[in-house]
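There are 2 protein chains.
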Amino acid sequence: MNPSTFIVRGDICYSEVCGELKTLERGYLVCENGLVEGVYGSLPERFAGIPVRDFGRQMIIPGLVDLHVHAPQYSFRGTHMDLELLDWLNRYTFPEESKYADEDYARKRYTVFVNDLRRGATTRACIFGTLHVPATEILMDLLEQSGLRTMVGKVNMDRNAPDYLCEESAEVSAQDTVEWVKDCRKRYRNTKPILTPRFTPSCTDALMENLKKVQLRYGLPLQSHLSENLSEIEWVKELCPEAEFYGDAYDRFGLFGADCPTIMAHCVYSDEREIRRMKENGVFVAHCPESNMNVCSGIAPVRRFLDEGLHVGMGSDVAGGTVLSIFTAMMHAIQASKLRWRLVDDSLKPLSAAEVFYLGTKGGGAFFGKVGSFEPGYEFDAVVLDDSRHSAPCEYSIADRLERFLYFHQEQDIKAKYVAGEELFC
Amino acid sequence: MNPSTFIVRGDICYSEVCGELKTLERGYLVCENGLVEGVYGSLPERFAGIPVRDFGRQMIIPGLVDLHVHAPQYSFRGTHMDLELLDWLNRYTFPEESKYADEDYARKRYTVFVNDLRRGATTRACIFGTLHVPATEILMDLLEQSGLRTMVGKVNMDRNAPDYLCEESAEVSAQDTVEWVKDCRKRYRNTKPILTPRFTPSCTDALMENLKKVQLRYGLPLQSHLSENLSEIEWVKELCPEAEFYGDAYDRFGLFGADCPTIMAHCVYSDEREIRRMKENGVFVAHCPESNMNVCSGIAPVRRFLDEGLHVGMGSDVAGGTVLSIFTAMMHAIQASKLRWRLVDDSLKPLSAAEVFYLGTKGGGAFFGKVGSFEPGYEFDAVVLDDSRHSAPCEYSIADRLERFLYFHQEQDIKAKYVAGEELFC
Numbered sequence: 003m004n005p006s007t008f009i010v011r012g013d014i015c016y017s018e019v020c021g022e023l024k025t026l027e028r029g030y031l032v033c034e035n036g037l038v039e040g041v042y043g044s045l046p047e048r049f050a051g052i053p054v055r056d057f058g059r060q061m062i063i064p065g066l067v068d069l070h071v072h073a074p075q076y077s078f079r080g081t082h083m084d085l086e087l088l089d090w091l092n093r094y095t096f097p098e099e100s101k102y103a104d105e106d107y108a109r110k111r112y113t114v115f116v117n118d119l120r121r122g123a124t125t126r127a128c129i130f131g132t133l134h135v136p137a138t139e140i141l142m143d144l145l146e147q148s149g150l151r152t153m154v155g156k157v158n159m160d161r162n163a164p165d166y167l168c169e170e171s172a173e174v175s176a177q178d179t180v181e182w183v184k185d186c187r188k189r190y191r192n193t194k195p196i197l198t199p200r201f202t203p204s205c206t207d208a209l210m211e212n213l214k215k216v217q218l219r220y221g222l223p224l225q226s227h228l229s230e231n232l233s234e235i236e237w238v239k240e241l242c243p244e245a246e247f248y249g250d251a252y253d254r255f256g257l258f259g260a261d262c263p264t265i266m267a268h269c270v271y272s273d274e275r276e277i278r279r280m281k282e283n284g285v286f287v288a289h290c291p292e293s294n295m296n297v298c299s300g301i302a303p304v305r306r307f308l309d310e311g312l313h314v315g316m317g318s319d320v321a322g323g324t325v326l327s328i329f330t331a332m333m334h335a336i337q338a339s340k341l342r343w344r345l346v347d348d349s350l351k352p353l354s355a356a357e358v359f360y361l362g363t364k365g366g367g368a369f370f371g372k373v374g375s376f377e378p379g380y381e382f383d384a385v386v387l388d389d390s391r392h393s394a395p396c397e398y399s400i401a402d403r404l405e406r407f408l409y410f411h412q413e414q415d416i417k418a419k420y421v422a423g424e425e426l427f428c
Numbered sequence: 003m004n005p006s007t008f009i010v011r012g013d014i015c016y017s018e019v020c021g022e023l024k025t026l027e028r029g030y031l032v033c034e035n036g037l038v039e040g041v042y043g044s045l046p047e048r049f050a051g052i053p054v055r056d057f058g059r060q061m062i063i064p065g066l067v068d069l070h071v072h073a074p075q076y077s078f079r080g081t082h083m084d085l086e087l088l089d090w091l092n093r094y095t096f097p098e099e100s101k102y103a104d105e106d107y108a109r110k111r112y113t114v115f116v117n118d119l120r121r122g123a124t125t126r127a128c129i130f131g132t133l134h135v136p137a138t139e140i141l142m143d144l145l146e147q148s149g150l151r152t153m154v155g156k157v158n159m160d161r162n163a164p165d166y167l168c169e170e171s172a173e174v175s176a177q178d179t180v181e182w183v184k185d186c187r188k189r190y191r192n193t194k195p196i197l198t199p200r201f202t203p204s205c206t207d208a209l210m211e212n213l214k215k216v217q218l219r220y221g222l223p224l225q226s227h228l229s230e231n232l233s234e235i236e237w238v239k240e241l242c243p244e245a246e247f248y249g250d251a252y253d254r255f256g257l258f259g260a261d262c263p264t265i266m267a268h269c270v271y272s273d274e275r276e277i278r279r280m281k282e283n284g285v286f287v288a289h290c291p292e293s294n295m296n297v298c299s300g301i302a303p304v305r306r307f308l309d310e311g312l313h314v315g316m317g318s319d320v321a322g323g324t325v326l327s328i329f330t331a332m333m334h335a336i337q338a339s340k341l342r343w344r345l346v347d348d349s350l351k352p353l354s355a356a357e358v359f360y361l362g363t364k365g366g367g368a369f370f371g372k373v374g375s376f377e378p379g380y381e382f383d384a385v386v387l388d389d390s391r392h393s394a395p396c397e398y399s400i401a402d403r404l405e406r407f408l409y410f411h412q413e414q415d416i417k418a419k420y421v422a423g424e425e426l427f428c
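Taken in sequence, the protein lines are chains A and B. The numbering of the first sequence is the numbering used here, which starts it at 3 and goes up by one. The numbering of the second sequence is the numbering used here, which starts it at 3 and goes up by one.
Extracted from the complex, chain A is given alone in its bound form (with noise of 0.2 Å):
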């Protein structure tokens, strides 16, 4: 047998298709060279003498999948929640990416956000940065040694931002990508490069022209925001009123997915036009309901990106949201669809906890190839959480007690890690 096959026991819950569970109390989870080999309720006999590593009735999930978050947001998460997204930019956001010119700050910062990554249950994540290209690579640095599988942006932005955070030209910014994404490529296994421009107010027509051409010179993912909140979209019209929506605003640049795996993140007002743009193009969509509500953009109809059969993940969008949790969000995007089902349209029924379990999972993962379930030949990404603080296991089935997960989980019920097969010791 393969040195490198491993068995982990104990109660196993994942999702294939969005709303459905599969659950195995007390079953096995093979590892073969850092992939899922199969899930059994016995252990076929082709595995005898392999190390059984046995959690009793913790439950074992896949890791979860953040699709949008800010480092170096995480710094002034959970304070100055008072304005709206365009003024908590300029007034919060802004002077403090700033501050990333600074490696040192740089360092001491993005220190505390990946060690606070790598303690929770998620193993892969899209994520911003700063236009700083050396505090970016400290972060892709730390990331590096984490053991997590991530994306990272450096962010381009040449237009309507501050002085002191806005790079001198279109070219500049291009070129800086350029060579940021060649150190990139030399540097690091499991953190890679993906092209960032911030959102369509911060990038000049010049820029994107030079992104499109960094993107197909490098095959880069991309990823950015997209009809986020209302004064937002009006600017955007303002901005670009050749644009037939704020998707087509990315799109007319080939910046929305037609050719590279693209992530835009929120999707809050994206009408029946975008949304048939963001199927068309295979966008994802990270859904991110708790920056959504504490900037007061509104409520994603995420039921309508489903029924429509969009990508969509789940995003912590920290320090819109204050939290890195997944596990967190997942809550927040059902309690959010039950408001929009109350509030605004009651054709879209609210989503599960089912449902927004495969939007964390393998919703999210897909932008990572075949991540984010126990299915053969997925990665093998699994957290181990023991709820044994929340109640005693054998009253509740292993659907009821994830659900109580999502609304109960604390930072040390999280007591196993593995990321593509390897083990992080949390």
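These are calculated hints, taken from the structure and not from any lab test. Hints should not be assumed to be uniformly reliable.
Note that identical chains are pooled: a pair holds if it fits in a single copy or bridges any two copies.
[Said to hold, decoys possible] The calculated SDA-like cross-link candidates involving lysine to any residue, where the alpha carbons are at most 20 Å apart (straight line), are:
id, residue 1, residue 2
1, K417, D348
2, K417, R391
3, K101, Y398
4, K351, L232
5, K188, F410
6, K184, D143
On a predicted model such as this, the values are computed, not experimentally measured, just so you know.
Given the coordinates of chain A, work out where chain B should sit on it, guided by the hints.
Chain B only, in chain A's frame:
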């Protein structure tokens, strides 16, 4: 100096006026005979020799107040949140509550509830039991032992409930209540009975009339539900066509605060007439934002209540809510108010962290008298919070640290707890 005088020192934070925080770094908080004597930046000469318990840079805040929680529902919190109020009651809540006819079951379940309540930051609570007197007295025994100060209600319900959870008649319900009240007066010092008609749909006119007599005879406060959910409100209209509005269905029987302190939970859809009557009668609103999301009720217009000068406090409303933490309730109150502003009525501006902190301390505390503040003469309810896990304290103001605490706290961050001057070891 009185031997019952003692002093605690730390970063002090409390609210005298809604929306304003009083903070003092490394301040002294003096307790004398169970009451707050004062808050001092440097200790007056007259306290020389009194031992000071120094909590360093930990935060010291008033104990939190939960104006609305269902003890028997604690056992299924965090599950079964897929239905609206009335279906949820029939499908999940009533079957569970019926089990409290069994005293062993009640003791086991209520022990978990009381232990968890004691470990948290709550020092005062208004609690629903079930209709069963023996189980309710078991709950009260446990609460009395806990050191918490609470009001507990044996529930009254004599209609529109399944046979297994419905009292035989209005007379039996009232008679049981009288016996229970007499018993409570003999047995408890810190655990007070509160009259608890479940809600209008569960109580016949005859029961309401009987309860008014009981209330007057024993001078009892009252707690119930009001204008929570649209279907419930429609049902009340059918059941009480003569009532001007939902609250009037209580007021017609004198059970709406006119002559006894009264808490009404939810008030999500209270109209102007109902708000006016609540104001005239001094009714306390228990705002339960998490529950109002989880069972798809909506969002209460708390800003409107505050503008009108109504008494408002926070409620966890477990198991409509999932957790006993009033910090979590404060977080949900802010978030819900932002969504209400965005989606329902932008004339009512969102609640601030300082405002919800007031609601969870002095706002709800007023139902217990001089409770929930560190003003001189207030009962000495205090909790000590260690937020060093979240941040280096010196980097943030106390106000920022408090705001962060709402979002990041975990049970173990609560380091000490005093109720009316007596320390509870958590």
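Checked hints:
Taking the closest pair of Cα atoms, K417 and D348 never come within 20 Å of each other, the shortest separation being 40 Å inside a single copy and 44 Å across copies. Taking the closest pair of Cα atoms, K417 and R391 come within 20 Å of each other both inside a single copy (13 Å) and across two copies (19 Å). Within a single copy, K101 and Y398 get their C-alpha atoms only as close as 48 Å, which misses the 20 Å cut-off; across copies the closest is 17 Å, which meets it. Taking the shortest alpha-carbon separations for K351 and L232, only the inter-copy value of 17 Å comes in at or below 20 Å, while the best intra-copy value is 23 Å.
In this assembly of identical chains, the alpha carbons of K188 and F410 never lie at most 20 Å apart, being 42 Å within a copy and 38 Å across copies at closest. For the identical chains of this complex, K184 and D143 are intra-copy neighbours only, at 15 Å inside a copy versus 69 Å across copies, given an alpha-carbon limit of 20 Å.
Checked against the numbered hints above, the structure breaks hints 1, 5 and satisfies the rest.
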